[in-house]
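Undergrad: What follows is the residue order along each chain.
There are 4 protein chains.
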Amino acid sequence: MSGNTIGKLFTLTSCGESHGPALAAIIDGCPPGIPLTEADLQLDLDRRKPGTSRHTTQRREADEVRILSGVFEGRTTGTPIGLLIENTDQRSKDYSDIKDTYRPAHADYVYDHKYGFRDYRGGGRSSARETAMRVAGGAIAKKVLAQLGVSVRGYLSQLGPIEIAADRFDWDEVSRNPFFSPDAEAAAHMADYMDALRKEGNSVGARISVVASGVPVGLGEPIFDRLDAELAHALMSINAVKGVEIGDGFAVVSQKGTEHRDEMTPEGFLSNHAGGILGGISTGQDIIAHIALKPTSSMRLPGRSINNRGEAVDVITKGRHDPCVGIRATPIAEAMMAMTLLDHLLRHRGQNADVRTDLLKLK
Amino acid sequence: MSGNTIGKLFTLTSCGESHGPALAAIIDGCPPGIPLTEADLQLDLDRRKPGTSRHTTQRREADEVRILSGVFEGRTTGTPIGLLIENTDQRSKDYSDIKDTYRPAHADYVYDHKYGFRDYRGGGRSSARETAMRVAGGAIAKKVLAQLGVSVRGYLSQLGPIEIAADRFDWDEVSRNPFFSPDAEAAAHMADYMDALRKEGNSVGARISVVASGVPVGLGEPIFDRLDAELAHALMSINAVKGVEIGDGFAVVSQKGTEHRDEMTPEGFLSNHAGGILGGISTGQDIIAHIALKPTSSMRLPGRSINNRGEAVDVITKGRHDPCVGIRATPIAEAMMAMTLLDHLLRHRGQNADVRTDLLKLK
Amino acid sequence: MSGNTIGKLFTLTSCGESHGPALAAIIDGCPPGIPLTEADLQLDLDRRKPGTSRHTTQRREADEVRILSGVFEGRTTGTPIGLLIENTDQRSKDYSDIKDTYRPAHADYVYDHKYGFRDYRGGGRSSARETAMRVAGGAIAKKVLAQLGVSVRGYLSQLGPIEIAADRFDWDEVSRNPFFSPDAEAAAHMADYMDALRKEGNSVGARISVVASGVPVGLGEPIFDRLDAELAHALMSINAVKGVEIGDGFAVVSQKGTEHRDEMTPEGFLSNHAGGILGGISTGQDIIAHIALKPTSSMRLPGRSINNRGEAVDVITKGRHDPCVGIRATPIAEAMMAMTLLDHLLRHRGQNADVRTDLLKLK
Amino acid sequence: MSGNTIGKLFTLTSCGESHGPALAAIIDGCPPGIPLTEADLQLDLDRRKPGTSRHTTQRREADEVRILSGVFEGRTTGTPIGLLIENTDQRSKDYSDIKDTYRPAHADYVYDHKYGFRDYRGGGRSSARETAMRVAGGAIAKKVLAQLGVSVRGYLSQLGPIEIAADRFDWDEVSRNPFFSPDAEAAAHMADYMDALRKEGNSVGARISVVASGVPVGLGEPIFDRLDAELAHALMSINAVKGVEIGDGFAVVSQKGTEHRDEMTPEGFLSNHAGGILGGISTGQDIIAHIALKPTSSMRLPGRSINNRGEAVDVITKGRHDPCVGIRATPIAEAMMAMTLLDHLLRHRGQNADVRTDLLKLK
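Residue numbers (our numbering), protein chains in the order written: chain A, 1 to 363; chain B, 364 to 726; chain C, 727 to 1089; chain D, 1090 to 1452.
Where hints are given, some of them may not hold.
Stated by the list, open to error - Below, simulated BS3-like cross-link-like pairs (lysine-lysine); rule was C-alpha separation at most 25 angstroms, straight line:
1. B:Lys412 with B:Lys562
2. A:Lys49 with A:Lys318
3. A:Lys256 with B:Lys562
4. A:Lys256 with B:Lys681
5. B:Lys619 with A:Lys199
6. A:Lys199 with A:Lys49
7. D:Lys1288 with D:Lys1407
8. B:Lys619 with A:Lys318
9. C:Lys982 with C:Lys825
10. B:Lys412 with B:Lys681
11. C:Lys775 with C:Lys982
12. B:Lys412 with A:Lys256
13. D:Lys1288 with C:Lys982
14. D:Lys1138 with C:Lys982
15. D:Lys1288 with C:Lys1044
16. D:Lys1407 with C:Lys982
17. C:Lys925 with D:Lys1138
18. A:Lys318 with A:Lys199
19. B:Lys681 with B:Lys562
20. A:Lys49 with B:Lys412
21. D:Lys1345 with C:Lys775
None of these hints come from the bench; they were simulated from the model.
I would like the entire structure built from these sequences, with the hints used as guidance.
TA: Rendered as structure tokens:
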């Protein structure tokens, strides 16, 4: 019930600060009998890992995950899966000078007010460092979903002013550039844009899109635990996210009913404006969600703020940061959608020795 | 844990179908000693009530609420508050012809697949009729919040193509027109637009904005139960909502860090792009959220669909509907934000005989 | 999460005071397609109903339940089931004189301290009157379980000094006497004992036993939501219960391993000291639980206490009470076990259109 | 919501198998600003640690706990506390021969049926090894409670046939003998009894009692999350527990109201038959609970059972075991009560920067 657990039947509970000894997580409710190795998790962790291109923070973290429990002879046992990632590259001294200062648009101010004091090193718990464990949990969910023919894939659909072009969309391209852009040409522009942005010492926002295919009809628990409501919860809980859309999202405001409604024929739906969810329940079409990430709050350009004595100060954030948090957010968004879908599959279908057969029966 | 309860310490559990005998709700976790009468709830219920203008469904419902428990000698006792609203105007026969048919963009298809059969009368549980109980629960939350100096107000910010003008914004105007528009001139255009839309037999989408003032610093439970994440959950759970924004929302995608960040001075914040939430925790500024509602799925214009035998059919929705669900959604959005804020106040501050003193101490 | 909901996938949320307008409950997570009528619930409600013999309170309550939602054309729809019981026989004046007084062994004192004031009429929420809704919820659970070949039956195993004799045990006798005693001879002694007790103006404790048969192997979610742990929670939550045992219960303290362990052969278990639960998971044998109920706190014999000004007072409880709360507790204990088992069946097996087939597959 | 988390505002989520790489736990909801070091946890861990006397298993485990997060500069930050204990002394080969065999009264049979297969090494997740993390979580809860003047202490009240004598009761003696017996003379008899039992190759049950002092009035959330109900849940979730009593427990069955009721005077209660809980809410008196632990299932004396092919086999359990699990259960029972009380303090009073002041105000 406290704030560091998400999910109801498939749950992720996590802990860990940016510059503390380690990050850890306990995944509970994973169906038994699923083949699982540390390599399965490392794949996605490496996609999120910092320092893989000049466009992300230069902090070096191996992000090597260790499975502590819940797996026996290469298969999940149905008992909770413990995960551990040791922090290796902490340059805490970088932060001593913001100990008493509230960086603009950071969580420094609210953490001090909520808890009375804070672990200021690298943002402590409020750092995006914790998302490593979301990605690890998501990798487990993806592994289960894959066995049911459900895939979850994401991409960067906009970086600052640069949008991707529908006619150049190519899923295979996503893994070929550091931006997760499905549009090679847009990716090239993004590289130039980021180089200029870094020189400027500024940061920028981004838009990520996630698509789940092969999802059975019927997932979602009205009226409050609708699939779309819990996806919104999961995606909005990612650091820096300020907006969530399902299907056409905010475009529906100016749509007419005849434009929006997805008509059906015996061969299936004729369109997917709904993003695969009606009445809070999956329709069997692709589940489509989009999120908006704000520009990184940490930047070299000075900003007006106050310190914990209420005095005016000018803040320049040193330390190592991503000029665009969106660049590394695609695997995180995939993870949150994958965990939400698996949780709903289990809530819809239950958990037992042959849950896999049951889930497959849904298809 | 099942889908019809929302909240953790302040919870609303509801039941009731569109054409069943009654709607009911149980509100648990309301602080004791709060003055509460049925009139307090009726006020907001009447704002949402159908048939109050020619622009909404002509179904007539008194929506008279009865308090069954939890109140003694005019004050809440700290025990659960039971609420009952009898359904009076059910024209179920209107629906017999869609018994076997899946109306496009409706929940008919998914309910049949999820549950095996459905109460097809007026959409049963998937009808927006259930939102009456959200509004009643929200009215209780507002009553508590008011005592703490916290207010929650909403308005219609866009109806189809018609946006409101910032320079004509007037909170007092919201209650003077049937659209909850803070812009009198826009409201006039909306009336004409809706008249034309009705003739056409079509429907349209809308955008609602909600603002909470007087919220203390510190509400929100990172990392998964962040205030923004739970607001997104609560708001996305409203029928027809396809998008949720906090503060600048999707506009942040193309913002630079220097544009977005809200700088601080000893006098306070200089802007509120964040919508009053940083790191998932309230900053003490206004909490600002926006939602997008899709056009009503029920309309007179025929649409292609299938029946439960998989045969192609043309559907014309008879019965009585709102051509724009957004028109009545403002009190619902207010209710969901109010309940979420009170829940977080209690989670942050606890619940007991003098919780009110405690909560006031927060200010 | 607040205190008036029990269960995780099959949940009961209830409200209502002893002398308030009505009792209500919302049962969420009931599988769809289960035949259900008000008569199904009335059967068990009448077994718990007050005033059925001279040995229980003379308060007259019809306890007529009304189904408000979740049932369509005689079958459950998978949406929440609303239940309503109006209070009819409230003699609140009986209680005005204990308005400021804390009756010994009653909840008066703690309610005033926890909530700041209390609905003193008949004990308000702390009265056993609320158990009517537990019984109604249990009747729904029993109806589902019955379709899976699972039965839940209870009996009074001891009343004050009078124990039942194993060699006279007869399930059919339970419904033939007002005590739910499976031993006709013991029931006769109980009648005499209760007549004397009433004259004396005193009260007495009792022991209830509950047995579930036909339960599949595998129910229970270690390590904290073990089936025995959640049964203990559910049974201890019944008013006046001070102890819970599974299987041999406290007798195991002096048992040796060779006496206690239930050996197995290819034909099955050779004994059931474990009460059908090992490692917190059902074994497929009968689930056996026992509870101890304290003597009614309300009695005519004066007791020393204080009033809300801290002054010493002598209390004589007027009003109408059961001299032995245990006499009517058997259907309540059955209800709590039935709901817990169904909740665990769903958690083990999930919930969907053909959950019945799935659950049957377990057998 | 899955089975490995307990608590609502103060939660413990744990993972780890008897012979897996490590045990881990995440404690969420701990108030910020509490001084906490690994030494605070080690104290109780050492009390539970195996191999400290000839009367417990000879498995040697350092049980050295490492704090991974949630503590900064020696104080809790309000963020989740991660704990890690590496397993060091695993003799898995001891267990290879029971790979396909179901040991009588063990969880082998139900785990195989529930999950389809099991980690058979030392009982995997069903081993009492996991209780180390309960004790660590309990130590954190005790540290917070101590600052509020609340203490939680336990003792062994019966071992097999040997009961402790009230007139020889001495709290200080509890830490002086390996049995946690408050009666030195009884402890001597227990030593002789255990020596004989070991020779015999048998095992025996035990009774543990736990007492909390300094608990404020008002803890407990009726009607289902009553303090007694959640204590019963927490205590029954401990391995081998078959019964839970609050106050007089099963003795109330034959008590009359005049014997049982705790009368009050302006100076306070005159007795404590209720065990400090009325109507599910703490009275301010000592909270008293008792639990019954069954004899260890693992013993040298052969027992009839079956293997996973359904064939009859004779089982002799090798490996290293406690002939009486009760001997090491006292710190575990203390931990479960301490965590339950802190959870209820927070639910009653909330969590924030100065929660300590708030909680102290309760006194």
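Undergrad: To test your reading of the hints: which numbers does this structure violate?
TA: 9, 11, 15, 17, 20
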